[in-house]
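My numbering numbers the first residue of the sequence shown as 7 and each following residue consecutively.
Don't read these hints as lab results, they were simulated from the structure.
A quick note: this is a predicted structure, and the numbers were derived from the prediction, not measured.
One thing to keep in mind: the hints can contain errors.
What the hints assert, rightly or not - DSSO-like cross-link-like pairs, simulated, lysine-lysine; straight-line CA separation at most 30 Å:
{"id": "1", "residue 1": "Lys174", "residue 2": "Lys226"}
{"id": "2", "residue 1": "Lys319", "residue 2": "Lys180"}
{"id": "3", "residue 1": "Lys348", "residue 2": "Lys152"}
{"id": "4", "residue 1": "Lys152", "residue 2": "Lys180"}
{"id": "5", "residue 1": "Lys348", "residue 2": "Lys79"}
{"id": "6", "residue 1": "Lys35", "residue 2": "Lys243"}
{"id": "7", "residue 1": "Lys226", "residue 2": "Lys348"}
{"id": "8", "residue 1": "Lys362", "residue 2": "Lys79"}
{"id": "9", "residue 1": "Lys243", "residue 2": "Lys366"}
{"id": "10", "residue 1": "Lys356", "residue 2": "Lys152"}
Stated by the list, open to error - DEER-style ranges, computed between Cβ atoms:
{"id": "11", "residue 1": "Asp47", "residue 2": "Ala293", "range": "52 to 60 Å"}
{"id": "12", "residue 1": "Thr390", "residue 2": "Gln241", "range": "35 to 43 Å"}
{"id": "13", "residue 1": "Val216", "residue 2": "Ala346", "range": "18 to 26 Å"}
{"id": "14", "residue 1": "Ala346", "residue 2": "Ala51", "range": "52 to 60 Å"}
{"id": "15", "residue 1": "Glu104", "residue 2": "Asn217", "range": "31 to 39 Å"}
{"id": "16", "residue 1": "Asn291", "residue 2": "Gln140", "range": "21 to 29 Å"}
The beta carbon of each residue, even a glycine, is placed where N, CA and C say it ideally should be.
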Amino acid sequence: MKALFLLPLAVTLLVACGPTAPQNSLDLKPNAVVLPDDEVDSATATDMNVQTDKDLTAGQIVISDEGEGLVRKITEATQTGAGEVNGQAVRKFYLKTENAALEDAIASGDVSLETDLTIGEANMVQALDGVSVQDFTGRINLTNVKFDIPGVPGASVTLNGFIEQTLKPNFNLKFSSGSIEVFRAGMSGTLKAQITATIQANASYSAFNVNRELASWNIKRAFLVGSVPVVVVLQPKLIAGVSSGASGKVTVQVGIAPTFTTNVQLDYNRSRTTNGGWSNAFTANFALNPTFNYSVPVQGTGNAFAGLAMDIKFYGLAGPSLEAKPFINLTLNGNNGSAALKTGINGKSKVEAGFKVLGKGLETSYDGPSIEQARSFSCQAPSTCTAN
Numbered sequence: 007m008k009a010l011f012l013l014p015l016a017v018t019l020l021v022a023c024g025p026t027a028p029q030n031s032l033d034l035k036p037n038a039v040v041l042p043d044d045e046v047d048s049a050t051a052t053d054m055n056v057q058t059d060k061d062l063t064a065g066q067i068v069i070s071d072e073g074e075g076l077v078r079k080i081t082e083a084t085q086t087g088a089g090e091v092n093g094q095a096v097r098k099f100y101l102k103t104e105n106a107a108l109e110d111a112i113a114s115g116d117v118s119l120e121t122d123l124t125i126g127e128a129n130m131v132q133a134l135d136g137v138s139v140q141d142f143t144g145r146i147n148l149t150n151v152k153f154d155i156p157g158v159p160g161a162s163v164t165l166n167g168f169i170e171q172t173l174k175p176n177f178n179l180k181f182s183s184g185s186i187e188v189f190r191a192g193m194s195g196t197l198k199a200q201i202t203a204t205i206q207a208n209a210s211y212s213a214f215n216v217n218r219e220l221a222s223w224n225i226k227r228a229f230l231v232g233s234v235p236v237v238v239v240l241q242p243k244l245i246a247g248v249s250s251g252a253s254g255k256v257t258v259q260v261g262i263a264p265t266f267t268t269n270v271q272l273d274y275n276r277s278r279t280t281n282g283g284w285s286n287a288f289t290a291n292f293a294l295n296p297t298f299n300y301s302v303p304v305q306g307t308g309n310a311f312a313g314l315a316m317d318i319k320f321y322g323l324a325g326p327s328l329e330a331k332p333f334i335n336l337t338l339n340g341n342n343g344s345a346a347l348k349t350g351i352n353g354k355s356k357v358e359a360g361f362k363v364l365g366k367g368l369e370t371s372y373d374g375p376s377i378e379q380a381r382s383f384s385c386q387a388p389s390t391c392t393a394n
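Just need the whole structure built from these sequences, with the hints factored in.
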C-alpha cells in the first residue's frame, strides 16, 4: 500500500520581522485621492464616512489602508459636518461608492515589495488538534495528526514532526499608459522539516482519498509607496492529504527530513498572448533523507502530502493563490518486501476570474499546472532505501 506521507512546505508559512521598504514609486492620476485609515470613520461595501481636509467629489477614486484596504470610486459625496482634528480644520463626508481598480487611480510606476511574516498564535485563525505553533521561531509542530481510514475500525494514517520555514512573499506591480503592464506574486525561501507518516490497519481496505485544512492564518501588510498605500492580506493555510488502499493488514512508517530551497511564482504580462497574459513558474533544490519501515508486506499504493496554500488579497478583494506541497508516494510490492518510493515537492498557482482590483487586464482566470521536483528510491523491508 502506498502509504504516503506528507509534508512540509506545507507549512511554509513565513517567518519574519517586517516588510522590506518598497522600491520605486507610483504616480497618481489627477482624479485619485488617498485617505489614510485615520481619516476613515467607517466603511461598508457601498459607503464610507470620512473626515478629511481634502476636497471630495463624485468621480474620484479613493485609495485607503482602512481595514484590509480598499479602492473605490465615489458616486456621491455629501458633506455632513465640519470640525477640527489636532488643530487642523476638517470636513465630514458621507460617500456612496462602488469598487474600482487600482489602474483607475495610477497613471504609471513600478514597485517591488517583499515581506517577512511571523506566523504565530496571535494571527492564527484556526487549527485542528495536534497542530501548534511556537511564537518567535514560527516552528509548526504536528503531534499525532490523524486521518481515520473509512470503514476500517481503528485504522488510521498519523502524521508527526515539525516544519520550520523562512519563506518570503514578494510582489511586483508595473503600470504604464494608464493601465497595469506587469503583476507578479511569489514566495521564495527555505523550508526544513522532520515528518513521519504511519499507517496502521488490521484488515484490507478500499482506496480512499481525503484532504484537510489543518490550520490557517490571516496577516495584513500595508506598504506606503510614495503617497500610495498598497495593502496585501496573506492567508496561509496548512493543508494535508492522504490517499491509499491495501490488500491486507499493514503497519508502515515513512519519513522525510528535507531542506527545500524553493521559489513559486505567478505572473501577468499585458503583452503575453497566451492564457490571458498569465504564467507560472516553480523551482526547487533539496536534500530529502527518507526513512522507511514496515512489518507486514502487502500490495498497495497511496500518497500523502502536507503543504502550504497561500491565498492573497489586495485591497480586501480575492486575488491569486500559491501552493507549495512536499509529498511522499510509496508503492508496496507484496511478499517480496520491496517498495518504490518517490518524494519531493510540487508547486502550483492560480487566479480566479474577476481579479481586477489591480487592473481590468487581470479579469481572466488562470489555473496553472502543477510543477514537480522529485526523486525516486528503491526500498527493501524492513528499512533500507537507496536512491535511483
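Evaluation of the provided hints:
For a cut-off of 30 Å, the pair hint linking Lys174 to Lys226 stands: about 14 Å separates their Cα positions. Taking the CA atoms of Lys319 and Lys180, the gap is near 18 Å; set against the 30 Å cutoff, the hint holds. Restraint check for Lys348 and Lys152: the C-alpha separation of about 22 Å stays at or below 30 Å, so the hint holds. Between Lys152 and Lys180 the CA atoms are separated by roughly 45 Å; this puts the pair beyond 30 Å, and the hint is violated.
Annotation: proposed proximity of Lys348 to Lys79 is violated, straight-line Cα distance about 52 Å (limit 30 Å). Taking the CA atoms of Lys35 and Lys243, the gap is about 37 Å. The hint is violated against a cut of 30 Å. Taking the CA atoms of Lys226 and Lys348, the gap is near 37 Å; set against the 30 Å cutoff, the hint is violated. Note on Lys362 and Lys79: the hinted pairing holds, with a Cα-Cα distance of about 14 Å set against a maximum of 30 Å.
Straight-line distance between C-alpha atoms of Lys243 and Lys366 comes to about 28 Å, which keeps the hinted pair within the 30 Å bound. Restraint check: the Cα-Cα separation between Lys356 and Lys152 comes to about 29 Å, which is no more than 30 Å; the hinted pair holds. In this structure, Asp47 and Ala293 meet the distance hint of 52 to 60 Å, their C-beta atoms being roughly 54 Å apart. Hint check: Thr390 to Gln241, Cβ distance near 42 Å, so the stated range 35 to 43 Å holds.
Between Val216 and Ala346 the C-beta distance comes to about 23 Å, which sits within the given range of 18 to 26 Å. Range check, Ala346 to Ala51: Cβ separation about 53 Å, and the 52 to 60 Å hint holds. Checking the proposed 31 to 39 Å range against Glu104 and Asn217 shows it holds: the Cβ atoms sit about 37 Å from each other. One distance hint, 21 to 29 Å for the beta-carbon pair Asn291 and Gln140, holds here, with the actual separation near 26 Å.
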